[in-house]
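Visitor: The residues making up each chain are set out below.
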Amino acid sequence: MSHQRLEFSESFTKRQLKEIAKFSVPGFDLNQSAEGCPPGSLLCTFKGPSDSLYTGETFTLRIRFPTTHPFSSPEVIFHAPSHPAPLHPHIYTNGHICLSILSSEWSPALTIQSIVLSIASLLSTSPSKTPPEGDEQYCRRVKNRSPLLTSWLYDDDNV
Amino acid sequence: MSDSDSEEIEYQYSDDSDSDAEETAAPQEDSGDEERKEESKDEKPNPLKTPSGKHTNANPNAPPTGSSRFSLSPDYSSPSSSTEDPRLVPSSSLKGEMLNVLEEIIEMLSIPEEAAGALMRCFKWNKEKLIASYFDDPERCLQKAGVLKRVRMLEDRQDASAPTKTSRPLTPSRTSPRTATRSTPLPPSSPLPQTCLICCDDDLTPSEMYSMPCSHSFCCDCWSGFLGNKIDEGPSCVYAKCPQAGCEEIVSGEEVKAMAPSKISQWDKYELRSFVDLNKNTRWCPGTDCTMVAITKAGVGNVKCSCGTSFCVKCGEEPHTPVVCKDLSLWLEKCQNESETANWILANTKKCPKCATRIEKNQGCNHMVCQQCKHEFCWICVQPWEDHGANTGGYYKCNKFNDKSNSDDQSDAAKAQRELDRYLHYYQRYHAHSQAQKFAKKQLQQTEQRMVQLQDGSAHTSWIDVQFLKTATEQLVECRRVLKYTYTFAYYLDPSDKTGKKERFEHHQEMLEKFTENLSELSEQSLDKMDRTGVVNMTRVVDRFVKNLCKYVEDGMEIED
Chain A
1 MSHQRLEFSE
11 SFTKRQLKEI
21 AKFSVPGFDL
31 NQSAEGCPPG
41 SLLCTFKGPS
51 DSLYTGETFT
61 LRIRFPTTHP
71 FSSPEVIFHA
81 PSHPAPLHPH
91 IYTNGHICLS
101 ILSSEWSPAL
111 TIQSIVLSIA
121 SLLSTSPSKT
131 PPEGDEQYCR
141 RVKNRSPLLT
151 SWLYDDDNV
Chain B
1 MSDSDSEEIE
11 YQYSDDSDSD
21 AEETAAPQED
31 SGDEERKEES
41 KDEKPNPLKT
51 PSGKHTNANP
61 NAPPTGSSRF
71 SLSPDYSSPS
81 SSTEDPRLVP
91 SSSLKGEMLN
101 VLEEIIEMLS
111 IPEEAAGALM
121 RCFKWNKEKL
131 IASYFDDPER
141 CLQKAGVLKR
151 VRMLEDRQDA
161 SAPTKTSRPL
171 TPSRTSPRTA
181 TRSTPLPPSS
191 PLPQTCLICC
201 DDDLTPSEMY
211 SMPCSHSFCC
221 DCWSGFLGNK
231 IDEGPSCVYA
241 KCPQAGCEEI
251 VSGEEVKAMA
261 PSKISQWDKY
271 ELRSFVDLNK
281 NTRWCPGTDC
291 TMVAITKAGV
301 GNVKCSCGTS
311 FCVKCGEEPH
321 TPVVCKDLSL
331 WLEKCQNESE
341 TANWILANTK
351 KCPKCATRIE
361 KNQGCNHMVC
371 QQCKHEFCWI
381 CVQPWEDHGA
391 NTGGYYKCNK
401 FNDKSNSDDQ
411 SDAAKAQREL
421 DRYLHYYQRY
431 HAHSQAQKFA
441 KKQLQQTEQR
451 MVQLQDGSAH
461 TSWIDVQFLK
471 TATEQLVECR
481 RVLKYTYTFA
491 YYLDPSDKTG
501 KKERFEHHQE
511 MLEKFTENLS
521 ELSEQSLDKM
531 DRTGVVNMTR
541 VVDRFVKNLC
551 KYVEDGMEIE
561 D
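So the sequences go chain by chain: A and B. In terms of the UniProt record's numbering, the first sequence opens at residue 1 and continues consecutively. In terms of the UniProt record's numbering, the second sequence opens at residue 1 and continues consecutively.
Isolated chain B (complex conformation) (with noise of 0.2 Å):
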């Protein structure tokens, strides 16, 4: 099992180093090793799928590289594509996108791997923060991340070899020959017998002895037990140093590779965790089980993984635009905090306002129909449904904080309970929508028989004619999602602004109320009163609605002209 492992990563590091260009690598992965990824459902069958499937035609004059690539994804949704950043690989690929990172760095130092790798662990993937620090004092840097003599002997031999040409294992003549020998036996000029300090053992052939640039020896059987202990010590191994007391020297691949064969798969694997793990740029999907990660090249994105994962690379969380990661960890963190208060106040069902029936709302939708007395209200602000009509100015009257009580009261009290009112009307909110959210969640999950359905009424429906009503509902998840987050967003606006910076915001979070409950409810009618067309535009209208929300907002929400 773990041989095989070891071999499969042996075999991409191969495959990997000879692609140069970085986008290639991912798909090249994906049919590479099938036998790993048999659970991961949709890559394997669809480079099989292919030819008979719908995407027979939409490729028929693309360049063969392209056309390769796309095919070996076509069920992805759009955003993992291998193109975008961030983007999404398994983590059979992830040896190469490591070395892809080590290359430039092995070529700019001109070090060796080993060391380019200690010294990116030690610099947390940051290239420029390591190159900034190297240019700066490289013998500092090397020490730092302990790899100050295996860089030096390479150096060294350089330096011997370029002028006499002389083979390499005779190179290295320093204290003692045997030093830096890689396991090659030398030419038996000293025949005396050698000690390990570890062992205690005296007799022992120079042959029988190994060490790293740091010329620190001990016995083969000590190095494989000094190393295969570290290894069953868990991720720290790869910050292991030489066993020599005092000795700032790191161990590497390189001395597993030689004197612990059989757990150089376990190494490599904990070196690819402390990759992922260490680097600002990459992040294991969330998902439960799941093994890919996104790695992206500006730091922050989100992602949509094949397991059906939507998360924000950054921070991990559910995609959380319009809010900014920090606030997002203060905002979790203060309904963490708050939750006891606020699930006191906020029930899950709600009395009538008219005739006091508990309802429990299972729909997306605010607009409320009680089923005893046919009394319309909303949701939100158990207000009747008539005042959120355009004749009372604005059908979303919903989403705006007044603050109504008395704010010339400057007590303590006064100030904690407008503090608690105003957080209780954004949370509210945001709970409200929260919940939403995962009713379309489930409402689409229940699509899908509803577009069998729909197909089944009517004699000339294709397929593709019910898609709407997928699109439709996928669109409004993403709106609750975005809804949701607005209201953190609007909590951490400066409440004094006075550049009407809140006030633009909160009409455009009122449009997107308005749009997204006029979805929700056009989507959830009754399949005999389905309006497709309605239900097109409204989505389109509404994805663009909710794309431009999110732009305005990233810009600074600076007044357009």
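Looking at chain A on its own, in the form it has when it is part of the complex (with noise of 0.2 Å):
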């Protein structure tokens, strides 16, 4: 997936402000203003999943919009400075998160309440808390790059 140039608009377009105003999920809170974010960037804050190695925990995740959206994913990406990103063999500690929705499967039709979704069934089926193979080169190279920047590789289907 090639992109020319990335940005990221500043302000909600309607139908983002129509998915921000239907959204929601038990648990889940969407938060439009957020200090220390980007303009144009939502904070999901969500329990880690019951009945998982990740109950009891707290994640955040940070959601921006390119300006190509809905025809390009969102950036999602688990927001460090308001709660560590979980160890998952899928989740780069930088927060970059290994989802084939977020990239070569994204459909214009997919919204935020279905990535969050996608995001809290990632943790319920984790095998193991360990960071994916190479996580620390990966982490040093990309270093504050967009992860819709990364081209990623899919080759785990059980997660």
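Note that these hints are calculated values from the structure, not bench results. Predicted model, so just to flag it, every value in this text is computed and none were measured.
Calculated pairs, BS3-like style, for lysine-lysine (alpha carbon to alpha carbon, straight line, at most 30 Å):
1. A:K22 to B:K241
2. B:K326 to B:K297
3. B:K257 to A:K14
4. A:K14 to B:K241
5. B:K297 to B:K547
6. A:K47 to A:K129
7. B:K350 to B:K438
8. B:K514 to B:K334
9. A:K18 to B:K241
10. B:K297 to B:K129
Just some of the chain B residues that point at chain A, by a computed CB distance under 8 Å:
11. L197
12. C199
13. C200
14. F226
15. A245
We treat Cβ as the ideally placed atom computed from N, Cα and C, and that holds for glycine.
Join the two chains, each given in its own frame, into one complex according to the hints.
Guide: Take a look at the structure:
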């Protein structure tokens, strides 16, 4: 997937506003005005799913929309300043998430709600609290770049 | 700009689908879109030139179709004639070429054109593979290519329309009535407002909605945005799927035409690009800025483009008979890796073995005469030229690699040394002929001037009379090229072969060396000493010899009876 230029919009479109208004998942808290976040970002705070390795922990996702949204996927990362990213074989310690619907399998018909639910399910099915292979190198390499600029390879359909 | 492009392609599309003979398609295009190919020199002016040119007497009794075909490309060097395989076509007639291939699939599988295109892309334009896979499991095959719904919808529609003869737009009666409307508004039976899952607008009328055959409908604005965005993302747009999450149905030109018409020319370009890139039987001309495409039926062959570039259709490198593509790529990689060693050993200049004057070789022949001391020697082995005479058992004893070193020494170091020596032996000769090929090409550029001088030198000489010089020099370039690759070929010949293949090949190679050096010397002669008959004869002999050598290798180098 090629993004020639990656720009984020600083305000919400009609669709995004509707999505925010309609968002309702018990236990998930969607917030528009967040301190220290670029304009146009959303923060979503939720508790680790019960009966999972993350029970009792709290996590925060940061969601930003490229100007090409909904034709390209939003940027979704774990927001470290609020809570550290979960230790998970598909989640890098810098907050980047390896999830197909966030890149190649993105469809414009997907919503914020479907994304956070996918991420929650990613956590509930986690087999172990270990970081992905090559985590350290990856984090060093990408620094603060958007995960949208990473080309992801999906080799594990189990989690 | 882009609009006119699209019109042009449309035009060819209809033009081509009419003509069923594949061969005639290309020349028809040539005359058809002159404005596009202003820059591709040869073709356009030719039809105008023909009546007064040298070709008037060439085909007075040829059938009309034949004559018009040939008169279109009289200045082409022979291999690009459209009846040959491989043949070259301008990128403007690619659409016709693609449709020719598709038509067969459409007919055989009775599927829509868009589905045929996606299927072929999925199978890299390998028709046999597609057909085998299709008859094995049509459902899976269509699913894999993302055209299952598209094909099934056509079938349903045919089934429905056959018995009742109802008009088409009424037929699709799936989950929702507006599904397969193809932007044909339905009778306003369901005035319920529709919701678009992309923009979340929820007060849309059915006529504002559109869907692919998979029935996932979205509003027209979102379709246009979705398709436009995919096409802007680049060539991968031809693999775009329905916007519905998880839906595998693939987007086609039909949707682009309907929902993003301003992008259709770009889409068509990407589609054709994918046609050439994926297809094993097509290759873009590697010449700089050239947009011609070579098409082959056999999947192999050499072609000379109108831009002057010659290439192998299979691998895109310079024609490299007798070496096969695989060995050539190994060889080129090896030369790349070892180039520093080799370069260190091979200086571009050599010292005269007698007076030690540095000599730079700037002409093609390997027979060197030192300007200082008049010593004659062979450039390749630096031995006296007399040693290469018939009296010492052969003119060109320079092509054989003699494993002189002590082959009893089985240590790794000795083996490596022997292998390096073996490689260098062949590389040196490969390199020498490669350089000589470059010189010959340079010589070719100066030939026209020499021809003018030669013609001016004698009152009774016509331009036709001096053509032989050009033909000879062209032959020389060809010889150097083939010789160059005979060393690559010989390097990959099994050194332990006991059937005498290697010896026989080296013998032929030696002969070719001899002929080539002869031709080189004859054609480089100063003009006052030029021996026309000698050059003409030598050119003919060498031409036949090169062809036979290549044929011999192709046939597996068995002993002739």
